[in-house]
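**Student:** So the chains spell out like this:
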Amino acid sequence: DVKVTQSSRYLVKRTGEKVFLECVQDMDHENMFWYRQDPGLGLRLIYFSYDVKMKEKGDIPEGYSVSREKKERFSLILESASTNQTSMYLCASSPTDRGNQPQHFGDGTRLSIL
Amino acid sequence: AQSVSQHNHHVILSEAASLELGCNYSYGGTVNLFWYVQYPGQHLQLLLKYFSGDPLVKGIKGFEAEFIKSKFSFNLRKPSVQWSDTAEYFCAVRGGGFKTIFGAGTRLFVKA
Chain R
23 DVKVTQSSRY LVKRTGEKVF LECVQDMDHE NMFWYRQDPG LGLRLIYFSY
73 DVKMKEKGDI PEGYSVSREK KERFSLILES ASTNQTSMYL CASSPTDRGN
123 QPQHFGDGTR LSIL
Chain U
34 AQSVSQHNHH VILSEAASLE LGCNYSYGGT VNLFWYVQYP GQHLQLLLKY
84 FSGDPLVKGI KGFEAEFIKS KFSFNLRKPS VQWSDTAEYF CAVRGGGFKT
134 IFGAGTRLFV KA
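Residue numbers (our numbering), protein chains in the order written: chain R, 23 to 136; chain U, 34 to 145.
Derived by calculation from the structure, the hints in this document are not laboratory data.
Take these hints with a grain of salt, some might be off.
[To be verified] BS3-like cross-link-like pairs, simulated, lysine-lysine; straight-line CA separation at most 30 Å:
1. R/93 with R/75
2. R/77 with U/94
3. U/104 with R/25
4. R/92 with U/132
5. R/93 with R/40
6. U/82 with R/79
7. U/94 with R/79
8. U/102 with R/25
9. R/25 with R/35
10. R/79 with U/91
11. R/79 with R/92
12. U/94 with R/40
13. U/102 with U/144
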């Protein structure tokens, strides 16, 4: 079974800090994604990556960056955390396919910025 | 641009009631459609998916969904809900490319 592991379930940081959220998958998937989940807004895509060192902006990339140095690991970076980045962050992975494969999600990181 | 609309944000049902959650999408081409479920404190997981063939698809735990192309809809159904179905349900659409667009979610609460 696919396992997507996010490094922290809960994280509290201060405004202005640089924050790293880590995600590791164990199924050799090419594609990895970062979403934020907010009540009433569903999941919104921040960034995704379809290969090592490749990244693409999603719908809400402002204030975030990502890193994919190894196939199994995809990091989300908040360059200078702000209170409006308080949210649940979800990582997902999927294999390269014709579009009919689902994404596999981690448990999420609930991030609070004070 | 692709978009997904889920009709209800909150649904409250009694056990044994029937469930139908609406989902409409906007996309002009061929789509792959998904329903995901997130139980309290758990990660999102796939409930069912449609990509071709029979428009009535069956998923886990007695759920099914019907793809009606002419209505751009992919509604989720279950004939008799259980307390354990309390969760948040997300409809998702993937057209060309890597991106999957998720609806805002529907929170279902089933009264025991």
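**Student:** Decide, hint by hint, whether the structure agrees.
**Tutor:** Hint check results:
1. Taking the CA atoms of residue 93 of chain R and residue 75 of chain R, the gap is near 9 Å; set against the 30 Å cutoff, the hint holds.
2. A distance of roughly 36 Å separates the Cα atoms of residue 77 of chain R and residue 94 of chain U; the hinted pair therefore is violated under the 30 Å criterion.
3. Distance check on the hinted pair: residue 104 of chain U and residue 25 of chain R sit about 36 Å apart at the alpha-carbon level, beyond 30 Å; violated.
4. About 21 Å separates the Cα atoms of residue 92 of chain R and residue 132 of chain U, which keeps this hinted pair within 30 Å; it holds.
5. Taken as a hint, the residue 93 of chain R and residue 40 of chain R pair is honoured in the structure, with Cα atoms around 23 Å apart against an allowance of 30 Å.
6. Restraint check for residue 82 of chain U and residue 79 of chain R: the C-alpha separation of about 26 Å stays at or below 30 Å, so the hint holds.
7. Proposed proximity of residue 94 of chain U and residue 79 of chain R is contradicted: the alpha carbons are some 35 Å apart, above 30 Å.
8. Proximity of residue 102 of chain U to residue 25 of chain R is assessed by CA-CA distance (about 34 Å); at most 30 Å being required, the pair is judged violated.
9. Distance restraint check for residue 25 of chain R and residue 35 of chain R: the Cα-Cα separation of roughly 27 Å lies within the 30 Å cut-off, and the hinted pair is therefore satisfied.
10. Distance check on the hinted pair: residue 79 of chain R and residue 91 of chain U sit about 34 Å apart at the alpha-carbon level, beyond 30 Å; violated.
11. A hinted pair counts as satisfied when its Cα atoms are at most 30 Å apart, and residue 79 of chain R with residue 92 of chain R qualifies at roughly 19 Å.
12. A C-alpha spacing of about 42 Å is found between residue 94 of chain U and residue 40 of chain R, which places the hinted pair above 30 Å, so the restraint is violated.
13. For the given pair, residue 102 of chain U sits about 33 Å from residue 144 of chain U by alpha-carbon distance, which is inconsistent with the 30 Å threshold.
Checked against the numbered hints listed earlier, the structure breaks hints 2, 3, 7, 8, 10, 12 and 13; every other hint is satisfied.
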